[in-house]
Structures are given as C-alpha cells and as structure tokens.
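Number of protein chains: 2
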Amino acid sequence: MNKIITIGREFGSGGRELGRRLAEELGYEYYDKEIISEIAKHTSLSEEYIQQIVEQKPHQLYPITIGHTMNFASTYQIKQIQEIYSAQCDILKELAEKSNCVIVGRCADYILKDYKPFRIFVYADIENKILRCKSRNQANESYTDKQLKKKILQIDKNRAKYYNFYTSLKWGDKVNYDLCINTSNASIKNIVNIISKIFK
Amino acid sequence: MNKIITIGREFGSGGRELGRRLAEELGYEYYDKEIISEIAKHTSLSEEYIQQIVEQKPHQLYPITIGHTMNFASTYQIKQIQEIYSAQCDILKELAEKSNCVIVGRCADYILKDYKPFRIFVYADIENKILRCKSRNQANESYTDKQLKKKILQIDKNRAKYYNFYTSLKWGDKVNYDLCINTSNASIKNIVNIISKIFK
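Chains as they are written, first to last, in this note's numbering: chain D, 1 to 200; chain H, 1 to 200.
So here's chain D without its partners, still in its complex pose:
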C-alpha cells in the first residue's frame, strides 16, 4: 500500500508550505489545488465554480424545504454539490492508488481512511498567522491586522463547517490526527527536516 500523508491546516499556519516541502523531501507526489482541476475534468463544471462551492459552508448551499416543497434550481445545485464531492472522493482514491503522496485539505484524512493515511494537522496562534499572511502575500499588506484576523477566522470557520459537514467529525480536534504541529515558534523547514524521518 502506498504511503499517504494528509495535511489539515489552519489558514496562515504554513500547512501548505509544510506539505509541499515534505513531499519534496520524500519524493512523494503533492496534491493541493490540483484536485480542483481534476474535479473539473471529471465533471462538466469550471474550476472557478468548484472552488466557489468548496469554499462555502455546504449547509448554506442546501435549500430550506417547507414540507416537501423544494424549488428546481436548489435541487439542481444540490446535485452539483453531490457530484463535486463524489468526484473528489473518486479522485482522492485514484491518487492514493497511484503512488506515495501528500494531500492538503479536501477531507482526505477521512475519505482515505481505509488507506491508513498519516494524518497531520498544522496550526498556529493568531498573531503568527497574521504575520505569515502578510509576509507571503503583498495584497495582504493593505489589510489592517484586525481585518486580516477577521479574514483568517472566517476562512477557518468555513473549513471547519465543510469538514464537519462531510465527515461528522470535528475539524482540528486532535483525536482525528496522528500529529498536530504548532508552527508559531518553529520554522517549517526545520519541522519538515524532522518529521520527514517518520516516513524514511
């Protein structure tokens, strides 16, 4: 069975960088935004639309039913959401079958549980996440710290809702992971140097 590493991460914690560096260090495939492109190929939907769907809280996309009445557009939208999630499950399983890999986000830890992935969750305190957001994206420099904090918390809230909705587990709860890494006081490079040894 291939070695699968899944990375859950708070926004601004450096989880994506950690995943990318870990894959490089180990010579594993790395999947992140590529999964959205693959979903687009598997469905008739555009990458932009899929991105929009997966970044929203799924329960907001589901219609309010009054009795058994439900309008056609909503039913169609539900079908699309289900189609996207179903394609995501198929693609993740295909990737897991193909080779050793690191997968960021997308409920991969849950969807691939039969493949016994090593499940990492990456987090940091809010001050460090604000600093990281500023340093990695010039566009974020125009935000005040207060605005950035609000943005970070909102993105994480959406990630939590998405994860909780599809898995019935609590996003970021340590019981669902093998290793939880706080990047507040550490360099991602150093962390990768050490944890890559788990897989060698």
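Worth flagging that the hints you see were computed from the coordinates, not collected in a lab.
Even for Gly, the Cβ is constructed at its ideal location relative to N, Cα and C.
Do not rely on the hints blindly, as some may be mistaken.
[Said to hold, decoys possible] From the derived model, a few chain D residues whose C-beta atoms are all more than 10 Å from chain H:
| id | residue |
| --- | --- |
| 1 | Lys33 |
| 2 | Ser99 |
| 3 | Asp125 |
| 4 | Asp145 |
[To be verified] With a Cα cut of at most 27 Å, we get these calculated DSS-like pairs of lysine-lysine:
| id | chain 1 | residue 1 | chain 2 | residue 2 |
| --- | --- | --- | --- | --- |
| 5 | H | Lys134 | H | Lys149 |
| 6 | H | Lys149 | D | Lys197 |
| 7 | D | Lys150 | H | Lys161 |
| 8 | H | Lys161 | D | Lys174 |
Chain D is already provided as a structure; the job is to place chain H on it using the hints.
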C-alpha cells in the same frame, strides 16, 4: 537558558514512557514522581498526603462558604493546598534553572512559561489506552475493559480539572502545546527517535 521539555499526557497514552525515553536519549534530567518527593521535603507534609491532594479535583477541596462563614478545618486545608502548589512552583523553577530537563505533568508547561519550554501533549484513543494499561500493569488484568475505561476517563477528568483550575487553560487543547502526539498507531521508541532530533 536550559532546554526544558514538558509532557502533558492522557492516562495510558504512554506519555510517561515517552518522557523518560526522551530524557535518556538527550541526556537530560527527568522529573516525574520526584517532584512530589521534593514537595514533601519543602513542606511538612507526607508524600502520600501530597499525592492524594494533587490527584483530587482542587475545587472539591475548597470549602463551600455560606456568606462569610467558613470552618477552621477547611481554611487549614486550603492553606495546605496553596502551600503544596506554591512549593511545586518553586521546585519546578529550581529544576529549570539547574539543567536541561524533561518534566512530566504538574502544570509545568504553564508554571515554566517564562522559560519557553517545548510543550508536548501525548494522547491516544481509548482502545489503545486500555491495551497499554493492561500490558504495563498486571493488577489491571483483573479489571474488565469497561472498568478500565471508566478508571482512565476518571483519571483524565481529574487531570483536566487540576490543570484548568491552576492555569485557566484547557488541558489537552492543542493551542497550549507545540506538538501533540497520538500514540495509538506508533511505537514510543520510534517517536522518541524522531522527536529527539528537535533538540539536537
């Protein structure tokens, strides 16, 4: 400044073994039950009594006051609890000043926060904790799994109450630690081989 590693741990997760092996591997001092003996030396109280106090929920030891009425025995007992905690703080700081060390439990991550300790929390799922309890202590073999589960959960509940009471933080909440390690699917020896490299 000396290197200080603190270990919080769920009962039966192997956290104590992890701490001991980590100290051995790094050549650091290791403190666990020794702290209770030191408290006894610093106070007029017996090790047994101190053990009993620190294993109880502290709020249970505090008296119920009706208006300003409080009985003498309770006031005396509060004084002892405060004396024990105060001695614990002094001893932990002395140990941190003395040499590099690994300290298990005793709110050391919080009490020594000015020493910037590396804070580890060790946990596991309940099935693995039951197995570990059985394998390390023959006395536990007479317990049914249900009884052992109850015992484990009760001890952890007390540890949480103790920690939350003195620190106002949530015991086991990943935000209070640098690294949270799930020992359910891993050998303690292998974990120590890898994480010891953080400190080399």
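Requested in this report: Would you check the hint for H/Lys149 and D/Lys197, treating anything up to 27 Å between C-alpha atoms as holding?
Outcome: 33 Å, violated
Can you confirm whether the C-alpha distance between H/Lys161 and D/Lys174 stays at or below 27 Å?
This hinted pair holds, its Cα atoms lying about 19 Å apart.
Item to complete: Over 10 Å to the closest beta carbon of chain H is the bar; see if D/Asp145 clears it.
Response: Fine: 19 Å to the nearest Cβ keeps D/Asp145 off the interface.
Is the nearest Cβ of chain H still more than 10 Å from the Cβ of D/Lys33? 26 Å, holds
Worksheet item: Going by Cβ atoms, does D/Ser99 stay more than 10 Å from chain H at every point?
Response: 22 Å, holds
**Asked** D/Lys150 and H/Lys161: Cα distance at most 27 Å?
**Response** 32 Å, violated
Should the label of D/Asp125 as a non-interface residue stand, given a Cβ cut-off of 10 Å to chain H?
Non-interface label fails for D/Asp125: nearest chain H Cβ at 7 Å, not farther than 10 Å.
Are H/Lys134 and H/Lys149 close enough, with their CA atoms no more than 27 Å apart? 11 Å, holds
Violated hints, listed in ascending order, are 3, 6, 7; each of the other numbered hints is respected by the structure.
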